Amino acid sequence: MLAAKQQNLTELVITRLIQLAGYLSILFVGLICIFLLKEGLPVLFEIPLVRFLQTTWYPIEGYYGILPLLTGSLIVTLGAILIALPLGLGTAIFISEVAPNWAKEILKPLVELLAGMPSVVLGFIGILVLSPYLRRLLDLPTGLTALTGSLLLGWVAIPTIVSVAEDALNNVPPSYRQAAWALGATQWQTIWGITLPAARSGVLTAVMLAVGRVIGETMAVMMVTGNAPYIPSLLKVFISPIRTMTATIASEMGEVAKGSTHYQTLFLIGIVLFLFSLIINIIAVTISSRRLKRSERLLS
Amino acid sequence: MRKGAFPLVFFIMLLLAACSNQRAEITSELPSQASAYIQISGSDTMVNLALAWAERYQQEHPDVRISVTGGGSGSGISALINGTVDIANASRAIKEEELQKAQQAGYNPQQFVVARDAIAVIVNPQNPVSQLTMQQISAIYRGEINNWKELGGENRPIVRLSRETNSGTHVYFLETVVRLGNSKDKTIFSPDTLLLPSSEGIIAEVRDNPNAIGYDGLGYVVPEVKVIAVARGPGEPFVLPSVETVNNHSYPIARDLYMYTREQPRGAIKDYLDWVVSREAQEIVVSLGFVSLEQSDVGSKTAKLD
Numbered sequence: 003m004l005a006a007k008q009q010n011l012t013e014l015v016i017t018r019l020i021q022l023a024g025y026l027s028i029l030f031v032g033l034i035c036i037f038l039l040k041e042g043l044p045v046l047f048e049i050p051l052v053r054f055l056q057t058t059w060y061p062i063e064g065y066y067g068i069l070p071l072l073t074g075s076l077i078v079t080l081g082a083i084l085i086a087l088p089l090g091l092g093t094a095i096f097i098s099e100v101a102p103n104w105a106k107e108i109l110k111p112l113v114e115l116l117a118g119m120p121s122v123v124l125g126f127i128g129i130l131v132l133s134p135y136l137r138r139l140l141d142l143p144t145g146l147t148a149l150t151g152s153l154l155l156g157w158v159a160i161p162t163i164v165s166v167a168e169d170a171l172n173n174v175p176p177s178y179r180q181a182a183w184a185l186g187a188t189q190w191q192t193i194w195g196i197t198l199p200a201a202r203s204g205v206l207t208a209v210m211l212a213v214g215r216v217i218g219e220t221m222a223v224m225m226v227t228g229n230a231p232y233i234p235s236l237l238k239v240f241i242s243p244i245r246t247m248t249a250t251i252a253s254e255m256g257e258v259a260k261g262s263t264h265y266q267t268l269f270l271i272g273i274v275l276f277l278f279s280l281i282i283n284i285i286a287v288t289i290s291s292r293r294l295k296r297s298e299r300l301l302s
Numbered sequence: 002m003r004k005g006a007f008p009l010v011f012f013i014m015l016l017l018a019a020c021s022n023q024r025a026e027i028t029s030e031l032p033s034q035a036s037a038y039i040q041i042s043g044s045d046t047m048v049n050l051a052l053a054w055a056e057r058y059q060q061e062h063p064d065v066r067i068s069v070t071g072g073g074s075g076s077g078i079s080a081l082i083n084g085t086v087d088i089a090n091a092s093r094a095i096k097e098e099e100l101q102k103a104q105q106a107g108y109n110p111q112q113f114v115v116a117r118d119a120i121a122v123i124v125n126p127q128n129p130v131s132q133l134t135m136q137q138i139s140a141i142y143r144g145e146i147n148n149w150k151e152l153g154g155e156n157r158p159i160v161r162l163s164r165e166t167n168s169g170t171h172v173y174f175l176e177t178v179v180r181l182g183n184s185k186d187k188t189i190f191s192p193d194t195l196l197l198p199s200s201e202g203i204i205a206e207v208r209d210n211p212n213a214i215g216y217d218g219l220g221y222v223v224p225e226v227k228v229i230a231v232a233r234g235p236g237e238p239f240v241l242p243s244v245e246t247v248n249n250h251s252y253p254i255a256r257d258l259y260m261y262t263r264e265q266p267r268g269a270i271k272d273y274l275d276w277v278v279s280r281e282a283q284e285i286v287v288s289l290g291f292v293s294l295e296q297s298d299v300g301s302k303t304a305k306l307d
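Top line first, the protein sequences correspond to chains A and B.
Just so you know, we're using our numbering here: the first sequence kicks off at 3 and counts up by one.
Just so you know, we're using our numbering here: the second sequence kicks off at 2 and counts up by one.
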């Protein structure tokens with residue numbers, strides 16, 4: 003009787019603690035959000051929105067056009083995903099569908115090791131090896147370009163894509179593959195026609211999470227993209243130097259006077275970044291919850 | 002030796018950090034050991050110099066502990082105003098708004114000229130161009146000259162490199178070279194100028210890329226890049242930066258390096274600042290590639306702030 007009571011009490015305490023942890027994380031996200039808005043939004047009353055939608059970013063002289071920073075971030079992210087998606091998806095398919103068990107056991111931890119590579123190390127490789135090589139290979143004026151950033155960030159994004167996509171592929175019921183084989187499909191036909199479409203939403207989630215990872219990456223990008231705040235012409239979009247939002251915040255936040263227009267503008271850029279990752283996460287969650295509903299439908 | 006200076010700086014900082022920790026333990030046992038603790042922060046251009054000074058001074062005065070960090074002139078001055086450091090290193094004079102902020106906080110910042118620095122304009126050794134006028138450099142950075150051919154070089158695009166906007170070197174170069182010292186001129190760097198976060202980034206890119214032009218403190222220039230001889234205007238002599246040409250003011254892109262204190266310095270801080278302009282400390286300035294104060298200037302080291 004007493005023991006049972008004590009157990010109830012322990013259970014109650016633990017439940018409450020876990021509940022508290024859950025609520026705290028919500029609280030922290032909320033506080034961060036409030037802090038960002040409090041520091042960044044007042045600048046909109048000081049400076050008309052139009053002045054932010056200009057193409058010149060030179061805050062120490064009062065030019066606050068954030069368009070070049072937006073396009074910079076989008077260009078690098080697009081490039082990184084174009085590089086990481088085929089490679090990451092290919093690796094995921096190989097690990098999940100093709101590789102023998104011993105190879106799987108080596109490859110999976112190796113991919114996770116890749117995810118742990120500090121981005122400043124990648125930046126060093128970029129600045130000393132990749133950028134001089136690209137300049138000679140493509141005969142560019144300089145090797146510090148969006149492409150260099152995209153290649154490094156593709157590297158950063160691959161582990162995310164591989165592990166999420168591989169999970170999605172593993173979750174496809176074995177009966178699907180067995181049915182395809184029974185009908186005489188080759189391994190490639192099974193992967194391309196059956197497994198991959200069945201895991202489609204998981205793959206899309208992987209891409210979205212990778213986008214989120216890439217758009218927020220700072221150090222490597224700051225070191226190799228040249229940080230020139232201008233909008234490149236369409237023909238040279240990947241081979242021009244660009245400046246991303248994250249690199250701008252990182253390199254300028256240290257110097258600004260707290261509460262100045264420049265400081266608030268950097269927080270405004272932070273809000274824009276926050277909105278980007280919020281939208282990306284919402285899309286990712288919508289896609290993966292749709293997958294759940296469909297599998298429920300299939301099971302019933 | 003200069004090439005490896007940056008890792009060396011980190012190493013020295015680590016050593017210093019380690020030393021100060023140990024000393025702190027000793028102090029708790031022997032309260033008379035460390036009588037003063039001076040914290041210095043600011044200009045990245047000056048960080049090597051400030052570390053060398055601090056190291057020598059601590060050898061001679063074991064009772065004084067000095068810590069030095071970089072971060073940029075602006076960071077140093079805001080740290081001074083916030084009260085987190087005792088001395089701010091700055092490679093530019095304090096701005097009007099910074100002075101106001103300090104006065105609002107109830108301080109009366111004092112300015113000391115502690116050394117001189119010249120900015121070298123550098124290109125790749127493969128580049129045949131070896132001398133430029135201030136007007137030509139200005140036109141390059143304004144984006145008006147875009148090919149080395151226009152300057153008597155090869156048919157190559159010009160890649161402009163600059164320090165980030167938070168660097169004192171950036172602001173100094175903008176005002177002195179890009180705007181040619183005209184304070185009414187509101188021109189800014191051509192938007193496709195690459196803004197690199199460190200001196201090392203600029204040296205690395207210039208060393209590797211025959212299209213590049215960059216600028217950096219004379220103290221950071223390595224033999225693998227070519228220094229450009231600069232003339233004040235067309236028809237005037239082209240001068241390479243050196244200790245002599247900076248001290249006799251014939252090299253046009255040279256500036257003073259400052260230390261700032263919150264108030265008229267007293268005690269250990271005053272002793273240190275007096276030592277910094279002594280002949281012994283100024284010899285360290287020369288050994289690091291900066292330019293020492295002429296001894297005639299030392300007497301008038303305190304400049305009036307207006």
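Some hints could be false.
Stated by the list, open to error - Which chain B residues face chain A? A few, computed with CB under 7 angstroms, are given here:
(1) Ser76
(2) Thr166
(3) Glu264
FYI, nobody ran anything at the bench for these hints, they're computed from the structure.
Only a predicted model underlies this, so the values are computations on that prediction, with no experimental measurement involved.
Note that beta-carbon positions come from the ideal geometry of N, C-alpha and C, so glycine has one too.
Classify the hint on B:Glu264 as holds or violated, based on whether any CB of chain A lies nearer than 7 angstroms to its CB.
Violated, about 21 angstroms.
How about B:Ser76: closest beta carbon in chain A under 7 angstroms, or not?
5 angstroms, holds
Hint validity - B:Thr166 Cβ closer than 7 angstroms to any chain A Cβ:
Hint on B:Thr166: holds, closest Cβ of chain A at ~5 angstroms, below 7 angstroms.
When each numbered hint is compared with the structure, a violation occurs for hint 3 only.
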